[in-house]
Amino acid sequence: MNLVKKIATTMCIALPALAHAGESVVKWNDFNDYRDVRASNQAKGSYHKSIAASFEKHMSKLAEQLPKDYKLNVEFTDLDLAGDVRYGGMEEIRVVKPIYFPRIKLNYSLTDNDGTVLSKDTDVELKDMGFMDKIKMGRDESLYYEKRLLTEWFGEQILPSLD
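Under mature numbering (1 follows the signal peptide of the UniProt record, and there is no 0), the residues of the sequence shown are numbered -21 to -1, 1 to 142, in order.
Don't take each hint at face value.
To be verified - Mimicking SDA-like on lysine to any residue, the simulated pairs with C-alpha atoms at most 25 Å apart in a straight line are:
| # | residue 1 | residue 2 |
| --- | --- | --- |
| 1 | 99 | 32 |
| 2 | 84 | 27 |
| 3 | 106 | 68 |
It should be emphasised that the hints constitute simulated quantities derived from the structure, not laboratory data.
Using the sequences provided together with the hints, build the complete structure.
Listed below in structure tokens is the structure:
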């Protein structure tokens, strides 16, 4: 049992040293200017706050993969959520079909702990025209397709710039 305690103690000391601690800063434009962030059956203001919170949380989770004190600044310049809002009887519903694919436009910069810009780009356009053809991993969550799009972009664009 003593060996187990030593291993556990060692891991508690060593793991924080291996952990990454980057951060993200997200900037939003006026939601009314975005292509499609229409609320289906919710007040517009609370829906926009919900989207912002969800994207900011996701970007923060992605930034945890960055080294300590690195900062990813992202400005969302346009959003077109997967699906389209249609009338379904007495209420509006978001209908998700392959022709209504997610699109995100953004500007970003990645800086290191000294403030040196490692990577930067403007007018980055992310879209996934085959978003429904891919295997959906995990549970159903709101904005799944958009988050997957951001995760793929992060893995292909941001992480390689760390080398």
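Checked hints:
For the hint linking residue 99 to residue 32, the alpha-carbon distance of about 24 Å falls within 25 Å, and the restraint holds. Of the pairs offered as hints, the one joining residue 84 and residue 27 holds, with about 17 Å between alpha carbons and a cut-off of 25 Å not exceeded. For the given pair, residue 106 sits about 31 Å from residue 68 by alpha-carbon distance, which is inconsistent with the 25 Å threshold.
The structure fails hint 3 only (numbered hints given earlier).
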